[in-house]
Amino acid sequence: MIKIENVSKTFTLHNQSSAVIRVMEGASLAVDPGECVALIGNSGAGKSTLMRMIYGNYLAASGSIMVGDLDVAQAEPRQIIALRRRTLGYVSQFLRVVPRVPTIDVVAEPLLSVGVDRGTAMARAQDLLTRLNIPQTLWTLSPTTFSGGEQQRVNIARGFAHIYPAMLLDEPTASLDAMNRETVLSLIEEAKSRGAAIIGIFHDKPARDRVADREVDVSAFTPKGQA
Amino acid sequence: MTDTPLLRIRNLAKFYGGRIGCTDVSFDLYPGEVMGIVGESGSGKSTLLNAMAGHIEPDGGEVLFNTRTDGLRDTRQMSEPERRMLARTDWAFVHQHARDGLRMSVSAGGNVGERLMAVGARRYDTVRAQAIDWLGRVEITEDRIDDRPTAFSGGMQQRLQIARNLVTGPRLVFMDEPTGGLDVSVQARLLDLLRGLVREMGLSAIIVTHDLAVVRLLADRLMVMKSGHVVESGLTDQVLDDPQHSYTQLLVSSVLQV
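Listed in order, the protein sequences are those of chains A and B. Using numbering that gives the first Met the number 0, read the first sequence as starting at 0 and increasing by one per residue. Using numbering that gives the first Met the number 0, read the second sequence as starting at 0 and increasing by one per residue.
Okay, chain B solo, but in the shape it has when bound (with noise of 0.2 Å):
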């Protein structure tokens, strides 16, 4: 077992006026794990990832990364450019809403093969086949390579959000209700997409949603978040299963059974 973090977040916070967003996260992300932070509307678990992904600017605290070269670096202490490649490399960001995350009128080739040329790619045909693969991988056929995502469904444009967020191999996803708004059996073959590629591609993720039996299926950990603040954390089952908090224990005897 490595003793190094990939990701170390100390005191992590971040205000909106007087409004807390998030305040006081500290936590560890070790390789290959998968975290989930659950939590309802305005918990405050969007900001916090926002936050760690540097999508927003943080009012306080510290977002290690261990990164290939130098080893744990604030990423709030990079220069712009490291930030943004980093962003382009390490790290992935799956947005809610697939349209957030894709160019909408570029083809779904372009959509994968853009991030690739981001980093250095250059040869058509290898950008064209590396497409062509991970298309395949998000079970899109390769006959679709050539359309816009706007002639996608809502599940389709998701699976190439993915593709195009994994095709540089990076080592964190942050992903952001990921299955929100999907009907449940195309949920199903996210999630078993999402674990396939986890276990393969030995990554590290933080997951955001609101919804329980996702983060069961897919998270090693959870932490619960209400107000801004964490207010219990541990393995999923534990926590799902024998909750200590008492807004925990609300929030796990309020989902409907099936």
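Just chain A, with the same shape it has in the complex (with noise of 0.2 Å):
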């Protein structure tokens, strides 16, 4: 479902007398519908850009990634965007919303940028932010004001509405108590089993055990000669 090869990434700094930072050469990876993939190193080692470029928030150098059958390294922005609404899915670690939007608008919303009927996309909604412990009573007001754990819930709530044959999950558990922890990894292995492809970054051991099939190394990714 999702397949990586050869991916390079340069940051090329213009307003510091043009420095070039290669932060990544030859990264390839693959992972079938319903497995989950891990990615581990330290911090700073790429594992975030690796994601975003997966999700053609940063621009590759060179290589290819395909989802689904679209190279997201090529592809136009309308094609991106066709494949971001229906095919690749993005819990990202901060949830980022029009103010004053209500919470359960902000959850459905995914649904009804498919085409899913409100009533529909409301019961799924309402379903979600019931799991994962958000009050009623905040339902209708805009997450804006929320704590940080309850921001990430409606994130990942979210981010598990519409069904996407393919996921990329950055820290879904971080912040979270042990309660909220399992319904997150319900929610995975429920993803897992219906088919979706997942690339994670879990700082949590015990999750990325549980979820993960397989642990990739970006360190691996690294350009040689560089620290």
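Please keep in mind that the hints were generated in silico from the structure rather than gathered at the bench. For glycine and all other residues, C-beta sits at the position ideal for the given N, C-alpha and C.
Not close to chain B: a few residues of chain A, all C-beta gaps over 10 Å, as computed:
id: 1; residue: E34
id: 2; residue: P134
id: 3; residue: S192
Result set (SDA-like, lysine to any residue): computed pairs, CA atoms no more than 25 Å apart in a straight line:
id: 4; chain 1: A; residue 1: K2; chain 2: B; residue 2: D240
id: 5; chain 1: A; residue 1: K223; chain 2: B; residue 2: Q243
id: 6; chain 1: A; residue 1: K204; chain 2: A; residue 2: M178
With the hints as a guide, bring both chains together as one complex.
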């Protein structure tokens, strides 16, 4: 479902005398449907960078990034927009929303944007918010004023609302208590069992051991001759 | 995914004497897409918007629009009546200053109804009912329908301008700094409203702004302008998070963190 071949990444800092920083070379990895691959490596090794390249958020300098039958490294913006809408989900570490939009609508939005009818979308959003222990009294409020843990759970509910065939999870269990962590892990297991290909970053080792089928150490993709 | 763009711009250029307004601008906009145009003051973004919308005469290039009846047509080759019809039906233009887009001496309901009547609506009761419906959608209560925009706050005027523009069900909306000059809570409300309308009506929109936070929330795609040229374009979050051009890097790193 996801197949990455020989991907490299550089950052050019034009405003610092055009310094070119090579951050990744020869990155390759493949994930089958129903499989979960955990990216490991020290902080700064490039786990999030690789994930952002798969999502089309960072431009790859070379190589190919196939998600389904689309090469994200070559695709036009509108192809990536369509891919993100239907095929590729991403749960980031931060919730970014339009202020003033109620939590329930934030969670239902990915479903509405693929044309699910409002009743079904709302029912699914309510179900997810209930499972993630967001009190019903908060559903009609904007999540911008929620605590960090609550925002993270709203973000997860939103990320799991639509059933994506491929998912990227950036620290989905960080800042969650034991009960909510358990819920998130079962959401991931459910996604796997219905065939989603998942790439995740989990600093929480027990969580990683439970949901991940394989580990890929991204420090192997650090350019040679550099620390 | 449809393959015919709604709007196709090719080599659009506008010069002010020897100075460049904008030049070498080409892109395709597809149905349902929202594109942001950012750049500092004087970078040519408003010139470009006005040249596309036909408010100023470009000096070169093509503005092709996918018309309902004849497919892609160069709007610069259309007759004046055809262009006016397009501006009243499939196109809409939201000005930065609401007073440029509204009739200040006509009631709120009249402002919305006028655009309907311009496309042939004649029955007073249906026009008024539609005006009330649209005022409701932009959160203006029915009891204000007979008030003039002069009696409205800045945020209400801007919402009224949006209602006036969208009542005829346009397919393409040009917006020039739609949230400029509004305080942040009103701005948030307007952003929420615009996003909902874009999704429900399947609109395409081109939004000129200097506010990077606004484009991040509203636009799928982004074009960065400097000195009349497009220096970078792509997915909004990609351009903002991994900017390639030196000017974009400067622009992104200049934003104050809240």
